[in-house]
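Work the whole structure out from these sequences, hints included.
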Amino acid sequence: NAGVTQTPKFQVLKTGQSMTLQCAQDMNHNSMYWYRQDPGMGLRLIYYSASEGTTDKGEVPNGYNVSRLNKREFSLRLESAAPSQTSVYFCASSPQTGGTGELFFGEGSRLTVL
Amino acid sequence: DQQVKQNSPSLSVQEGRISILNCDYTNSMFDYFLWYKKYPAEGPTFLISISSIKDKNEDGRFTVFLNKSAKHLSLHIVPSQPGDSAVYFCAASLKAAGNKLTFGGGTRVLVKP
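Going line by line, the protein sequences match chains A and B. Those letters in the first sequence? Residues 1 to 114, by the working numbering. Those letters in the second sequence? Residues 1 to 113, by the working numbering.
Quick caveat, the hints were computed from the structure, so don't treat them as lab data. We put the CB at the ideal spot given by N, CA and C, even for glycine. Among the clues, some could well be false.
[As the list claims (entries may be wrong)] Keeping only pairs whose Cα atoms sit at most 27 Å apart, straight-line, the calculated DSS-like set for lysine-lysine is: (1) K14(A) / K57(A); (2) K95(B) / K71(B); (3) K95(B) / K71(A); (4) K9(A) / K95(B); (5) K57(A) / K37(B); (6) K112(B) / K57(A); (7) K57(A) / K56(B).
[Claimed, not checked] With beta-carbon atoms standing in for the labels, derived distance ranges: (8) K57(A) / P113(B): 43 to 53 Å; (9) A2(A) / G83(B): 21 to 31 Å; (10) P61(A) / Q81(B): 32 to 42 Å; (11) M19(A) / P9(B): 26 to 36 Å; (12) N62(A) / G16(B): 39 to 49 Å.
Pasting the structure below:
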C-alpha cells in the first residue's frame, strides 16, 4: 500500500516559471491537504479539499492554486514561482473532516526557486 | 500570530533517560492535540493524540499530558532510544474549522547512545 504519493520529490525552478506538484492517495480518504514546511515555522496549510469537488484556502494560499481532480488526486500549482516559495511541500490526506484531525503525509517535495 | 508554539527548537538526552517536549497554545477552543514525528527526507507520521476533555493519554513509551488552564501540553518519552532522534511537531485541531491541523515549529530531539 503506497499511502500518499507525491511527485516530483525535487525540483529547481527559476523565478517566474510555473510548475505543478502532484499528489495521489490510495486510502480512499475524503479530505486532502497541501502544507509547506519552513525552518522554525512548522507546517503551514496552503489549501485543502474537504471532499471531492471542493477546495478552500488555508493559512498561506497566496501564489498557489489547487485542483481536486478526483477523490484520489489533489494537485498544487505555482503559476509564477518566487524565491519565497522555496520550501518543502507535503501533501496529506485524512478519512474525514471529523475525528481527531489525524493526517497521513506523503514524503514531501523539495522545491528551490532561484 | 502562531496559535501553537514549541519554544524549544532542540533537545539532547541520554539514551534511557526521559525526554520531555513542551507545547503551548493560545486558542482554548481546540478539540484535539496531536504529536507527529518526522525523520529527515520523510513525511511526518502520527505519534499520539489527546482529546481536550482529557488530561493524560499513554501509548507505550509515549505519554501526552494536557493542562488546559495553562494552555500547555507535553510529550514524555520514557525511556528514550536512539531511534527516537527526530523532529517532533505538536499540532491542534478545531472541529468548527473542519479539523484542519495547526502545527508548532517543531523540536529536534537527539538521543545519545
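Here is how each hint holds up against the structure:
1. K14(A) / K57(A): Roughly 25 Å between the alpha carbons, so the hint for K14(A) and K57(A) holds.
2. K95(B) / K71(B): holds (18 Å)
3. K95(B) / K71(A): holds (22 Å)
4. K9(A) / K95(B): Distance of about 32 Å is beyond 27 Å: violated.
5. K57(A) / K37(B): Satisfied, since the Cα-Cα distance of roughly 26 Å is no more than 27 Å.
6. K112(B) / K57(A): violated (42 Å)
7. K57(A) / K56(B): violated (33 Å)
8. K57(A) / P113(B): 43 to 53 Å: Taking Cβ atoms as reference, K57(A) and P113(B) lie about 45 Å apart, which means the hint holds.
9. A2(A) / G83(B): 21 to 31 Å: This hint holds: roughly 24 Å between Cβ atoms.
10. P61(A) / Q81(B): 32 to 42 Å: The hinted range 32 to 42 Å holds for P61(A) and Q81(B), with Cβ atoms some 39 Å apart.
11. M19(A) / P9(B): 26 to 36 Å: holds (31 Å)
12. N62(A) / G16(B): 39 to 49 Å: holds (47 Å)
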